[in-house]
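What follows is each chain in one-letter form.
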Amino acid sequence: MDTLRYLPNVTTLQLDRETCIGCGECATVCPQGVFAVNAGKAALLDRDGCMECGACAKNCPVGAIQVNPGVGCAAYIISGWIKGRENATCGCDADCC
Amino acid sequence: MQLSQPTPAPCCAEGNRTAAAGLILQPGINGRLQFPLAPEQSCRGADAAPAPAGPEQKPGYELCSFVAGFLDTAAGPIPRIKTGLDRSDHLGTVLARVGVNRARYRIAPGLYAVGKPDPEAPVLVTANYKLTFDALRRELGGMNAWLLVLDTRGVNVWCSAGKGILNAAEIVRRIRSSRLDQVVRRREIIVPQLAANGVCAREVKKASGFRVIWGPIRARDLKAFIQAGHRADPAMRRVTFDLRERLVLIPVEIYLLKKPTLWVLAALFVLSGLGSSIFSFSAAMERGWMAALACALGVCSGAVAVPALLPWIPGRAFAVKGALAGIPAALLVSLICWSRIGLGGHLALWLWTLTVSSVLAMNFTGATPFTSPSGVEKEMRRAIPLQIGAAVLAAVCWIGSNLTG
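The listed protein sequences correspond, in order, to chains A and B. Numbering-wise, the first sequence is residues 1 to 97 according to the numbering used here. Numbering-wise, the second sequence is residues 1 to 405 according to the numbering used here.
Source of the hints: derived by calculation from the structure; they are not laboratory data. Incorrect hints may appear among the rest.
[Unchecked claim] Non-contacting residues of chain A with respect to chain B, defined by C-beta distances greater than 10 Å in every case (computed):
1. Thr3
2. Pro8
3. Asp16
4. Arg17
5. Thr19
6. Ile21
7. Gly33
8. Val37
9. Lys41
10. Gly80
11. Gly84
[Claimed, not checked] Within a straight-line C-alpha distance of at most 20 Å, the following computed SDA-like cross-link-like pairs (lysine to any residue) qualify:
12. A/Lys83 x B/Ile336
13. B/Lys258 x A/Gly24
14. B/Lys378 x A/Asp48
15. B/Lys378 x A/Leu45
16. B/Lys378 x A/Arg85
17. B/Lys205 x A/Leu44
18. B/Lys205 x A/Gly24
19. B/Lys378 x A/Cys23
20. B/Lys205 x A/Val62
21. A/Lys83 x B/Glu377
22. B/Lys378 x A/Asn38
23. B/Lys223 x A/Ala75
24. B/Lys378 x A/Gly24
25. B/Lys378 x A/Thr28
[Claimed, not checked] Some chain B residues flagged as far from chain A (calculated, every beta-carbon gap over 12 Å):
26. Lys58
27. Cys159
28. Val239
29. Ser276
30. Leu310
31. Gly344
32. His346
33. Leu386
Note that the structure is predicted; figures quoted are calculated from it, not measured. For each residue, glycine too, the CB sits at the ideal point set by N, CA and C.
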């Protein structure tokens, strides 16, 4: 997202370039253009653009990407504080996002 | 492996009983055998007999208005859907956007056909939220394709994938139950890219033999994507959040406030009546509307102005954007209540308006496609204590102004 930027230096996204095989799946699935593949390796082109959706890590065939996936939603965060991050929900079933 | 269960006639789920073409009622409702002819019908006359029941008619099911007919396939009859939206679709869209019936606005999952697809036609995977389904089919005019609708509990693609409802297991389950392997020759499906946070493409391939091709984010890019041999422009792979996309979210933001609003108004009424005589009903009436006005204008700035003007409001944290957007609203509240209250009262109304605006703007993070949970958590840890502090200070000033004023 070029026109709308959120807080910098907060994402938990980590890319292990040693493990990366350059398949490009992360660059395909990322909706924010965070990744670029150059010379057979993925690189973080725009790390602060990451919204931690987890699509890259979910589809990396060699586990080279680490991220704590979740929803950037205030209700979800509060629910995580109360019930623990693993059980966090938006608290509204299908009624929200 | 192959299930031979009959595919039920797809129909809108519960709560969507009207506007279906060809209503089919259950025969023999009272357990009695019904006489084959209704009393007003007679055997006289040479008029053409009404059309007989089609193969799609099943007791207890009704046909959805978006179904144009049925296509015979090796896996049984598959409903062919219309690519144009009618009045009931548009009405449904408006109601879902406003928030009414939103959680129940869904269609039956399963396989559908668009145009006259053959075994070589592409398979498009989508969610069973009716708004998603409509947004997809309206872009498919003139195309021949199969539509594999997943059971995402009536939630859109991205959010259902984020919630873990739309995952590899659901895709595999739906491929099997619709016997997709008997309908198409190619072992590949086009899955929207925004499902990738819930779907591991390798798992789908391993469990079903079907390869996942990540399709574009927006349905309107599908034709170009397919024509280009499954190649997406970089722009097709990036989410956007333009003015139109933000404006359509505002009604739901307001609709979801209906519950807390009652509590807040009750609390403001009580606060407004507190004073030297413990509680004065006349003071509550006289001052309560001003607190309610601050609340209403705080909603206008936090839930309307912030979404609409998001890129132009300074600050990155939404709580900050909300507070800044609340300044003109608070100014307006102050002007309206100008000579009716003292300085303490004005301070209370300012704090209250800014706080409401800030909280609602922060709440809007969940509706945007670019906020990370780590970022939202960081801003909440800083903003919530300030917001609570401001609300308490506002209450103290408001009661204090009643005591002195």
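Right, here's what the structure says about each hint:
{"no.": "1", "hint": "Thr3", "in the structure": "violated (5 Å)"}
{"no.": "2", "hint": "Pro8", "in the structure": "violated (8 Å)"}
{"no.": "3", "hint": "Asp16", "in the structure": "holds (18 Å)"}
{"no.": "4", "hint": "Arg17", "in the structure": "holds (21 Å)"}
{"no.": "5", "hint": "Thr19", "in the structure": "holds (16 Å)"}
{"no.": "6", "hint": "Ile21", "in the structure": "holds (13 Å)"}
{"no.": "7", "hint": "Gly33", "in the structure": "violated (6 Å)"}
{"no.": "8", "hint": "Val37", "in the structure": "holds (13 Å)"}
{"no.": "9", "hint": "Lys41", "in the structure": "holds (19 Å)"}
{"no.": "10", "hint": "Gly80", "in the structure": "violated (8 Å)"}
{"no.": "11", "hint": "Gly84", "in the structure": "holds (14 Å)"}
{"no.": "12", "hint": "A/Lys83 x B/Ile336", "in the structure": "violated (43 Å)"}
{"no.": "13", "hint": "B/Lys258 x A/Gly24", "in the structure": "violated (45 Å)"}
{"no.": "14", "hint": "B/Lys378 x A/Asp48", "in the structure": "holds (14 Å)"}
{"no.": "15", "hint": "B/Lys378 x A/Leu45", "in the structure": "violated (23 Å)"}
{"no.": "16", "hint": "B/Lys378 x A/Arg85", "in the structure": "holds (15 Å)"}
{"no.": "17", "hint": "B/Lys205 x A/Leu44", "in the structure": "violated (28 Å)"}
{"no.": "18", "hint": "B/Lys205 x A/Gly24", "in the structure": "holds (18 Å)"}
{"no.": "19", "hint": "B/Lys378 x A/Cys23", "in the structure": "violated (33 Å)"}
{"no.": "20", "hint": "B/Lys205 x A/Val62", "in the structure": "holds (16 Å)"}
{"no.": "21", "hint": "A/Lys83 x B/Glu377", "in the structure": "holds (15 Å)"}
{"no.": "22", "hint": "B/Lys378 x A/Asn38", "in the structure": "violated (33 Å)"}
{"no.": "23", "hint": "B/Lys223 x A/Ala75", "in the structure": "violated (37 Å)"}
{"no.": "24", "hint": "B/Lys378 x A/Gly24", "in the structure": "violated (31 Å)"}
{"no.": "25", "hint": "B/Lys378 x A/Thr28", "in the structure": "violated (29 Å)"}
{"no.": "26", "hint": "Lys58", "in the structure": "holds (27 Å)"}
{"no.": "27", "hint": "Cys159", "in the structure": "violated (4 Å)"}
{"no.": "28", "hint": "Val239", "in the structure": "violated (4 Å)"}
{"no.": "29", "hint": "Ser276", "in the structure": "holds (38 Å)"}
{"no.": "30", "hint": "Leu310", "in the structure": "violated (6 Å)"}
{"no.": "31", "hint": "Gly344", "in the structure": "holds (31 Å)"}
{"no.": "32", "hint": "His346", "in the structure": "holds (29 Å)"}
{"no.": "33", "hint": "Leu386", "in the structure": "holds (14 Å)"}
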